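Residues per chain, in single letters:
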Amino acid sequence: MKEEIIIAGFGGQGVLSMGKILAYSGIMQDKEVTWMPSYGPEMRGGTANVTVIISDNKISSPVLAKFDTAIILNQQSMDKFEHAVKSGGLLIYDPNGITRHPARRDITVCAIEAADESAKLGNAKTYNMIVMGAFLKMKPILSMENIIKGLKKSIPERNHHLINANEQAIGTGMDKVKILNKI
Amino acid sequence: MSEKILMKGNEAIAYGAIRCGCDGYFGYPITPQSEIMETLMELQPWESTGMVVLQAESETASINMLYGGAATGKKVMTSSSSPGISLMCEGLSYLAGAELPCLVVNVMRGGPGLGTIQPSQADYFQCVKGGGHGDYRMIVLAPASVQEMYDFVDKAFSLAFKYRIPAMILADGVIGQMMEKVELRAPKPRRSEEQIERECGSWATTGKKPDRERNVITSLALDAPVQEQFNIKLINKHKAIEENEVLYSTYMTDDAEYLIIAYGSMSRIAEAVIDMARSEGYKLGLLRPITLFPFPKKAIDAFTDRVKSILTIELNAGQMVEDVRLVVNGRIPVNFYGRYGGMVPSPDEILTEFKKSIK
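As given, the protein sequences belong to chains Y and U, one line each in that order.
Everything in the first sequence is counted per the numbering used here, starting at 464 for the first residue and increasing by one.
Everything in the second sequence is counted per the numbering used here, starting at 37 for the first residue and increasing by one.
Honestly, the hints are just simulated from the structure, not real lab data.
Values in this document were obtained by computation on a predicted structure and should not be read as measured data.
Below, a list of computed lysine-lysine pairs in the BS3-like style, where the Cα atoms sit at most 30 Å apart:
#1 Y/K616 x U/K40
#2 U/K391 x Y/K549
#3 Y/K549 x Y/K529
#4 Y/K465 x Y/K602
#5 U/K269 x U/K244
#6 U/K391 x Y/K543
#7 Y/K615 x Y/K521
#8 Y/K615 x Y/K639
#9 Y/K521 x U/K392
#10 U/K391 x Y/K521
#11 U/K40 x Y/K521
#12 U/K344 x Y/K521
#13 Y/K549 x U/K395
#14 Y/K616 x Y/K639
#15 Y/K616 x Y/K602
#16 U/K319 x Y/K549
#17 U/K319 x Y/K521
#18 U/K40 x Y/K602
#19 U/K40 x Y/K615
#20 U/K333 x Y/K521
#21 Y/K600 x Y/K639
#22 Y/K529 x U/K319
#23 U/K40 x Y/K588
#24 Y/K521 x U/K334
#25 U/K198 x U/K245
#26 Y/K465 x Y/K600
Covered stretches of chain U (in silico footprint by chain Y; criterion: 3 or more residues with CB under 8 Å from a CB of chain Y, positions within the stretch not fixed):
#27 210-216
#28 382-390
Quick reminder that beta carbons are idealized off the backbone N, C-alpha and C, glycines included.
All chains should be built: construct the whole structure from the sequences, respecting the hints.
Now the structure itself:
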């Protein structure tokens, strides 16, 4: 198993921390992982992205041009990464704020209304876990048990009372993900 | 099995420093390596091992604090990124001139000038050939993973003390900023004053003892014949390092007809290129220098007799390639591909360049 993921959106949406939780969960499942963030001026300008690779084998390049999965949370990232998904790959996006929806027919396209769902849950901070749940529904590469372990490792101990809320949000994402184009 | 922690390369330097019994860190923040001092401040090693962590007023101050700490035989280190290393180069020359062991970490970013904060390998000339004035070298280690960032702190200190020479860990923004899992090693305690006296008493300013002359740390020798004798001593030291301390690794080279040479983050990207090229039938292998000084000359020389051509890839306009060409000496083509200014090439891009290079 080797899964190469790009997660891209605005700073503050929890892009980097979602990547970290995925990577840590990968370690808990005895996988090799890399997590490579954008840290340049683009981040300071408001957009953030991170490349996460989870693999059974040693990982070579942490820097990639093509991905198995793109998780896209704003229009700038859609413009940049829609065409970086490998043919046959997966694109998940939050339609909120997207003006030009993905047009590719050679990949699976899913929508997750994470902004709306996090508002319904009454906690905007669960946004990224809803998105992560959508991803894990489509690509069940990690067990829920290891994801909870990964969460515990990634979140400071003082916030461990929020693990349940995060787990619930992951479940919401799994339930609410909509497949728009299936290949 | 010990615990595996997900951390950034920069964080790994901090953990590695505390773990190997480092006595002091003196630094000044600069992207993309600020997490080194941030992590040290967060871990508060002065409460556990007694290690000093100090934010200096500038890079110039940091490197001179290193001179003071190293002169007493302590394990001291600093870290910075390219523009900060330029400011430290005067101090590095003095440290080399005074034969003081220490560790400097450079997490390179694009230049020249203030440049960009994105990854680069444009300081190869500066760091491998010296940087400051005078005829000197540093031992330069080029980690390619977060685990190596952690492990090389101890390795660099060991080499620095073995040869009484400044050592550098030369990384870049990719290695510093990326997270991977790190297996923590058993901690080594800081050395006691008695241990330091035993190991470094012949040269360090540990206080004059009744049974020996006082130790003087200086890089000043106004008398030319005296200075020349010192230069000869340094040359012999560099030769011994070149003889004994070369480190490199290879990937898929057993049947290779073509060779990529790359270090640090670029060697990681190169591994992906090798896999892609192999799947298309090209017999391509990788040689990765782990020490940049000493440079793996003998290994490259041996490959020159076996492969048809070499492609050197770097995040600069062509620096290490000059050392490769010196070894190859015109026997086979040595091609170069680089990206600059903080741009990092993808494996696909390098594969295209490789195919062009063998046409």
